[in-house]
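Guided by the hints, dock chain B onto chain A, whose structure is given.
Here the protein sequences line up with chains A and B, keeping their order.
Per my numbering, residue 1 is the first one in the first sequence, and the count goes up by one each step.
Per my numbering, residue 1 is the first one in the second sequence, and the count goes up by one each step.
Everything labelled a hint here was simulated from the structure, so no lab data went into it.
Cβ pair distances, simulated, as ranges: (1) B:G72 / A:A97: 21 to 29 Å; (2) A:A131 / B:Q53: 51 to 59 Å; (3) B:T47 / A:H107: 21 to 29 Å; (4) B:G38 / A:I100: 19 to 27 Å; (5) B:T94 / A:A246: 27 to 35 Å; (6) B:G106 / A:R24: 28 to 36 Å; (7) B:R41 / A:L203: 42 to 50 Å; (8) A:H13 / B:T77: 30 to 38 Å; (9) B:G106 / A:L203: 47 to 55 Å.
Interface residues of chain B toward chain A, partial, derived using beta-carbon atoms under 7 Å: (10) Q31; (11) R33; (12) R34.
For each residue, glycine too, the CB sits at the ideal point set by N, CA and C.
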Amino acid sequence: MTESSVPSPGDPHEVLAGLATLTRKVRAAQRGTWFPLLLFGVITLGAILVNRFTFSVHTTTCPAVPGSADNAGQICTETRQGSALYWTLGPALAYAATAIFYTRRSHNRGVGTPVRPYVLTGIGLVALEAAVFYWNTRHGLPSPGEKIDFLGLHLAPASGLAQFLQWLDGPAAAVGLPLLVLSYIERNRALLLFTLAYLAMELVTGLSHFKVGLMGIPFDSPWMSLPRLAVSGAFLLLGALGFALAQLPRQRHAS
Amino acid sequence: MSTEGEQHPVNGLDDVVHQRVRLGILTVAHQARRVDFGFLRTALDLTAGNLNQHLAVLEKAGLIDIEKGYEGKRPRTWLSLTPAGDRALRDEVTQLKLLIHQIEQGGPTQER
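Looking at chain A on its own, in the form it has when it is part of the complex (with noise of 0.2 Å):
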């Protein structure tokens, strides 16, 4: 049977996979994955501006380690850049967007689209979002050498579940979270692998520049983490063209 047809008259087999097909066709017309996917790419280039002009240095004294004398009066330096703010309206605006976007896109080729599951997540991922930047503004940015303080843990910076924890706090998890969602919601599984690789390649990028830095761009530069979001943004785009190119044989086929 075709694409185009009813259900086949045959077994029950052949029945429910008529329905499962049409059932596909209607989520086609339902998605335009390659729109959410520029809109993230965009913001997280965007962020690259954002965190080249909230770049500052800070210099304070050196906290003294116990058991050591070393350290003692040194001047520490500490670079603080992006904006919470930042991350988390932009996503939430970005969801909002999609939202209406499928609405209006569905609506025009001649299908409904669930408004609700949109609605739902989109408050779910700002109330998420907000509350990490409420425990970011109460707790503030730890000064050199003092233990992060996350849910009575008193962890090292340096550590690798402090470095995990500061790149879920981040853009990995703003973008990663809805994309995440998204594909649950569409039942999309080619956007679940593109999210999921996205997530390894944040994991990756995002580990090595907390340890090594990127590129050779020192930790104390204003564009410190220009590759890392390049790197990100680039993967976000390119997907959104492989999705929009993707469906570009299905829009013709049903035009």
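Here is chain B on its own, set in the frame of chain A:
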């Protein structure tokens, strides 16, 4: 062979729903929430007259709602499942799965 009190899944199939075109219409409407006449006609590869006949049967059975209107100057017909239509589709799919299970087991199954 069925024992007394058991119902063969075939008997649970509703003739109005089981007809293949109407089953396709209900499936598309279920997934889409709301579907345009034109999309349905293309998706099911039907003529307008044929599709209209099946829609009339489903509407008469109270399984779909049909809403006619205009978007600008363009007439559009939207249809959506009623709660009864949603239930009927779920029942149909359940019966089909039971039937498959029965065929694979090589005997009748106890209906839940």
